[in-house]
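Please build the complete structure, drawing on both the sequences and the hints.
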Amino acid sequence: WLFVFSPRLMIKKIFLESDIEVSDEQLLEMLDLDGKTWASLDEKRVQRQLESYPIVREARVSRVFPDGLRVYIFRRQPLAVAFFGDSSVSLIAVFDEEGYVIQANRKINDIDLPVLSGTAQPTLGSQLPESVRQVLSNLSKLKSDEPKLFALISEIEFIPHGEEGYDLKMYMNHIPIPALLDINLSPQSVRRALIVIEVLELTSSEPIEAVDTRGKHVVYHPSGEHGG
Numbered sequence: 012w013l014f015v016f017s018p019r020l021m022i023k024k025i026f027l028e029s030d031i032e033v034s035d036e037q038l039l040e041m042l043d044l045d046g047k048t049w050a051s052l053d054e055k056r057v058q059r060q061l062e063s064y065p066i067v068r069e070a071r072v073s074r075v076f077p078d079g080l081r082v083y084i085f086r087r088q089p090l091a092v093a094f095f096g097d098s099s100v101s102l103i104a105v106f107d108e109e110g111y112v113i114q115a116n117r118k119i120n121d122i123d124l125p126v127l128s129g130t131a132q133p134t135l136g137s138q139l140p141e142s143v144r145q146v147l148s149n150l151s152k153l154k155s156d157e158p159k160l161f162a163l164i165s166e167i168e169f170i171p172h173g174e175e176g177y178d179l180k181m182y183m184n185h186i187p188i189p190a191l192l193d194i195n196l197s198p199q200s201v202r203r204a205l206i207v208i209e210v211l212e213l214t215s216s217e218p219i220e221a222v223d224t225r226g227k228h229v230v231y232h233p234s235g236e237h238g239g
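My numbering puts the sequence shown at residues 12 to 239.
Some clues are possibly wrong.
As the list claims (entries may be wrong) - Have a look at the derived ranges for each label pair, beta carbon to beta carbon:
{"no.": "1", "residue 1": "VAL75", "residue 2": "GLY173", "range": "53 to 59 angstroms"}
{"no.": "2", "residue 1": "ASP45", "residue 2": "ARG144", "range": "32 to 38 angstroms"}
{"no.": "3", "residue 1": "GLN138", "residue 2": "ASP178", "range": "20 to 26 angstroms"}
{"no.": "4", "residue 1": "GLU54", "residue 2": "HIS228", "range": "54 to 60 angstroms"}
{"no.": "5", "residue 1": "ASP178", "residue 2": "VAL75", "range": "30 to 36 angstroms"}
Keep in mind that the hints were calculated from the coordinates and are not lab data. All C-beta atoms, glycine included, are put in the ideal place defined by N, C-alpha and C.
See the structure below:
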């Protein structure tokens with residue numbers, strides 16, 4: 012990808028390698044090179060400028076003699092989404108594995124990611140609390156190590172536990188029985204919950220409100236009752 016810059020400035024060429032689609036105009040706005048010469052360019056400042064954009068995970072900038080600039084931009088990868096507002100005014104927020112809000116719009120196309128619920132509405136570029144970020148980190152590891160298991164997760168609801176802690180209620184996309192897990196989401200805990208709800212789906216003669224897999228023994232709650 013080669014972009015020929017204005018000949019009035021000493022920086023005449025920009026070589027871009029990126030997994031983010033940006034137009035020439037967007038790139039120039041992101042780089043903010045107006046008035047900068049090749050010799051006076053502060054590469055670290057330009058790098059920080061690029062990394063200030065929510066979608067950018069990492070950027071690298073280096074000068075190419077005699078009049079060029081090489082730019083690498085790596086995007087943050089979407090991991091989960093959250094929906095806020097009501098039916099008339101809604102907002103869709105997209106998070107990466109570090110809990111940064113990399114997109115926040117009323118409409119986002121081609122969403123096929125787990126939904127997070129029970130969190131406060133964030134703003135673009137903000138980062139979720141540490142306890143929530145840990146779940147996203149675990150979710151990212153699950154996606155990497157067990158992609159088929161990750162693909163089965165429809166929603167993760169954060170349920171307040173104590174002053175700062177959470178428990179999780181996990182919904183799978185193929186079985187209408189949620190499972191309660193502790194905050195330490197892992198492939199083992201997800202797989203255990205999945206086995207339990209699959210067995211109950213096949214064998215239970217009554218609707219199940221939820222399955223609690225947080226302790227050593229599994230507890231399930233029939234709909235309309237408090238124990239099982």
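Hints violated by the structure (numbers, ascending): Structure breaks hint 5 only.
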